[in-house]
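Student: All chains, please: the whole structure from these sequences, using the hints.
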Amino acid sequence: MKNLFFLLSLIFVVSCDKKVNNSSIEPHLELVSFEIQVKMVEIPGGYYRPFFDIDSIKEVYVSRFFMDERLVTNQEYLNFLIANPQWVKSNILSLYADDNYLKNWKSDFEIPEGVSLQAPVTNVSWYAAKAFAQSLGKRLPTVDEWEYVGVADKSSPNAADNPEFTNYILASYKTGERYKIPVKAGQSNYYGIYDMYGSVWEWTSDFNSVMMTGESRNSNIKNENLFCAGASLTATDLKNYAAFIRFAMRGSVKANYCINNLGFRCVKDITI
Amino acid sequence: MKKLLSNAVLLMFALGLHSCKDSSTSSLTKVDSESIKTVGSVEVLKLVPPPLVPPPVGDRPAKKIQVMLETVEEVGELANGVQYDFWTFNGTVPGSFIRARVGDEIELTLKNNENSVFPHNIDLHAVNGPGGGAEATFVAPGQSATFTFKALNPGLYVYHCAVAPVGMHIANGMYGLILIEPEGGLPPVDKEFYIMQGDFYTKGKFGEKGFQEFDMEKAIAEHPDYVVFNGNTGALVGDNELNVNVGETVRLFVGNGGPNLSSSFHVIGEIFDKVYVEGGSVINENVQTTMIPAGGAVIVEFKANVPGDLVIVDHAIFRAFNKGALGKIKVSGKDNPTVYSVKK
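Read top to bottom, the protein sequences are chains F and S. If you're matching positions, the first sequence starts at 1 in the working numbering and goes up one per residue. If you're matching positions, the second sequence starts at 1 in the working numbering and goes up one per residue.
Simulated from the structure, these hints should not be mistaken for laboratory data. Glycine included, C-beta positions come from ideal geometry on N, C-alpha and C. A hint or two may mislead.
[Stated by the list, open to error] In silico DSSO-like cross-links for lysine-lysine, where the CA-CA straight-line distance does not exceed 30 Å:
1. S:K203 x F:K174
2. F:K180 x S:K209
3. S:K64 x S:K46
4. F:K268 x F:K180
5. F:K174 x S:K209
6. F:K89 x S:K111
7. S:K203 x F:K184
8. F:K103 x S:K111
9. S:K218 x F:K154
10. F:K103 x F:K174
11. F:K180 x S:K111
12. S:K64 x S:K191
13. F:K180 x S:K203
14. S:K205 x F:K154
15. F:K254 x S:K111
16. F:K174 x S:K218
17. S:K111 x F:K174
18. F:K174 x S:K205
19. F:K254 x F:K180
20. S:K303 x S:K343
21. S:K218 x F:K58
22. F:K154 x S:K203
23. F:K106 x S:K111
24. S:K328 x S:K46
[Unchecked claim] According to the in silico footprint, chain S covers these stretches of chain F (three or more CB under 8 Å from chain S):
25. 156-169
26. 240-246
[Stated by the list, open to error] Just a sample of chain S residues kept apart from chain F, beta carbon distances all over 12 Å, derived:
27. L4
28. L11
29. K63
30. N80
31. G184
32. K205
33. G238
34. I268
35. G308
36. V339
37. V342
Tutor: Structure representation (structure tokens):
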């Protein structure tokens, strides 16, 4: 009897074990690469002054990296979906994207009406953007990397102290269907990077490291740097309203949100 | 002896009753609004665009109210031929007038239109709670959030967006008023209107045609190009002027969204019979010009005695004549020569 019991439990364990062996990686994370032609620009390493002080650190070093010269287009995202159909609208897991995923796409493989293939892809979640990047051996930029490239204007790598530049950015943060504007529509910046301003918002890999809540006025240990009253004392550039806007946007989103005016671009580490 | 005793007992009884009466009346005058119970089914508040307001609450009991607001960013007219990128509640500057009474439990849902570029939220000065609701209602484009608050204090309160940079959100038009009527409601009047003053900062000068961008430098320096009522130099003039009749009592709910300027609010040709100072419970009488701080409000009342045009202004007078802080009330009806007459 004891032997029978032992035998039964052995079979049970073995079959459990078999189940573990048979289970595959979550299908959405099994990614297939595809053909893509986007120029990547080498961004040299350097220091920049982050918008708010973290423990009184005035400057942050960003290591050199490759950055897509422009946003990811509808055409490219379509190619990604063809290679990875588990990411189409009808197959997506709600864990990875909310109800607005590719909301305006006419079908799984048809981009929205009235929008060009060369316009930036939007209504994609952080998870989807990340998957796209991973399938190509790339990744999303960090907030630091994006902001570091973002302080460059047309002629200099760091235009943070130029009020004209802040005004230019503010002016570009206009109302409208920004997802209709094709990529590379504006001028490139000092590095040769397009679409930083005047187009859609962009996902970053660590957008939620910026702990900004909507309540911009009270003092809160984590967030005091970013609140209106607190911000007036600690934001490194009080007049940098444009940065306030970007950080507010980052603080308002969650990883599964899919938004009309939010797209992304990829970066790649430089391995010597 | 017995009669004396019974008289003494009666006297003591009467005294006792009297003191009981005193304490009960004193406790009645100080109602703890937190303990007001709501009755009946939930009412969805029907909102109307400015300068209109929802109907008075009258003497209804406190109830549960549902309010839905949507933040919408859209280009509109600031002045004739001048376009501006307005950020709004419900597509108007100011946003829809919210009306409730003390003790109401208000469930507010804030939705951010999916085509918005920016996140928004709402801070209502009538709310007792963190950020006036701002923390709970931080919404990215396409998202919505809900919170509930109990109206504890009667009065006329401002609401506005409080997402960083707060000054810019307010400067672009994200403000409105919420009225919490006292128990029994405000005394009835014939006409009620909703007006909100705001200062606007544009790259171009006053009157410069075309699309005008928000100018941050001017906003920080507090040098507006436009000071207007209800988001447009023409919002209360011409076809949009307010209409009342001779003999009618008029109540104006006036707010000041700012972002920077205070208002010296005056109606040319009238005197305010009643002014609910700063939108609170103290009532001043016989006032010509009243102060409305930025982020504040006032309720003024007057009776239209004679026909003609009454002109609403900010009496910091260059704002009225050179920046657009001007509106009109047309009073129609029979002449009233005892009050006003011109020798021909």
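Student: Which of the numbered hints are not met once you compare them with the structure shown?
Tutor: none
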